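For this note's numbering, add 294 to where a residue sits in the sequence shown, where the first one is 1.
Accuracy of the hints is not assured; some may be wrong.
List of simulated lysine to any residue pairs, SDA-like, C-alpha gap at most 25 Å [claimed, not checked]: (1) Lys299 with Lys453; (2) Lys453 with Lys409; (3) Lys299 with Asp325; (4) Lys347 with Gly394; (5) Lys409 with Phe373; (6) Lys478 with Arg315.
Note that these hints are calculated values from the structure, not bench results. Every value quoted in this text rests on a predicted model; they were computed, and no experiment measured them.
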Amino acid sequence: MEKRKIIVGVTGASGSILGWRLLERLGTMRDIETHLILTRAGERTAWLEMGKKAAEFRALADVSHPQEEIGSILASGSFRTDAMVVAPCSINSMAAIAHGLTDNLLTRAADVTLKERRRLILMVREMPFHLGHLRTMVQLAEMGAIVAPPVPGFYHDPKTVMDIVDHCVERVLDLVGAPAEDAKRWAGGRKEVSE
């Protein structure tokens with residue numbers, strides 16, 4: 295059986311843990327092959343936020359592609375992939391993708407994903423948004439991308455930051471068609487509140 299191929303892009307936006315955890319979760323799925331594009335700014339942010347080196351990030355992926363390698367298989371629509379997630383997605387990368395600026399492998403792979411009508415999910419990490427950000431998101435949605443900022447729900451009663459990270463990552467796993475078996479899902483009703 296051929297594995298489903300999912301590209302994970304990690305940019306320099308705050309929230310490196312999102313890409314890390316997504317790679318960890320996808321890595322447990324035997325039918326998934328992950329392709330990582332870690333930008334230079336992503337490397338720096340991962341070190342600043344998590345104390346993780348680029349090599350540690352790359353070790354989580356099945357295949358790692360340098361952002362400068364514009365001749366990579368990911369730069370061609372003839373290489374079949376199933377989805378691409380940019381987690382976290384910086385405003386810079388979001389704007390470049392929206393405007394077809396393909397001067398590095400991450401933005402080229404995203405452009406290919408869109409042109410081939412494959413699923414592109416952008417975990418845009420910024421707050422608050424100004425009107426230009428919002429208009430760019432609308433443009434991306436019109437182009438077929440899914441804009442999925444890591445905005446958690448709280449119905450699963452999170453106790454830790456990782457509970458919140460996992461909730462956001464689990465929603466993305468649903469979007470790429472690789473649902474987590476242990477995902478906490480809304481079951482209806484409401485919790486009793488003790489006073």
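Evaluated hints:
Restraint check: the Cα-Cα separation between Lys299 and Lys453 comes to about 33 Å, which exceeds 25 Å; the hinted pair is violated. This hinted pair does not check out: Lys453 and Lys409 have alpha carbons roughly 41 Å apart, beyond 25 Å. With a C-alpha separation of about 9 Å, the suggested pair Lys299 and Asp325 falls inside the 25 Å cut-off, and the hint holds. Only pairs whose Cα atoms come within 25 Å are accepted, and Lys347 paired with Gly394 is rejected, the gap being roughly 30 Å.
For the proposed pair Lys409 and Phe373, the alpha carbon gap of about 13 Å is at most 25 Å, so the pair holds. Taking the CA atoms of Lys478 and Arg315, the gap is about 16 Å. The hint holds against a cut of 25 Å.
In this structure, the hints that do not hold are numbers 1, 2, 4, in rising order.
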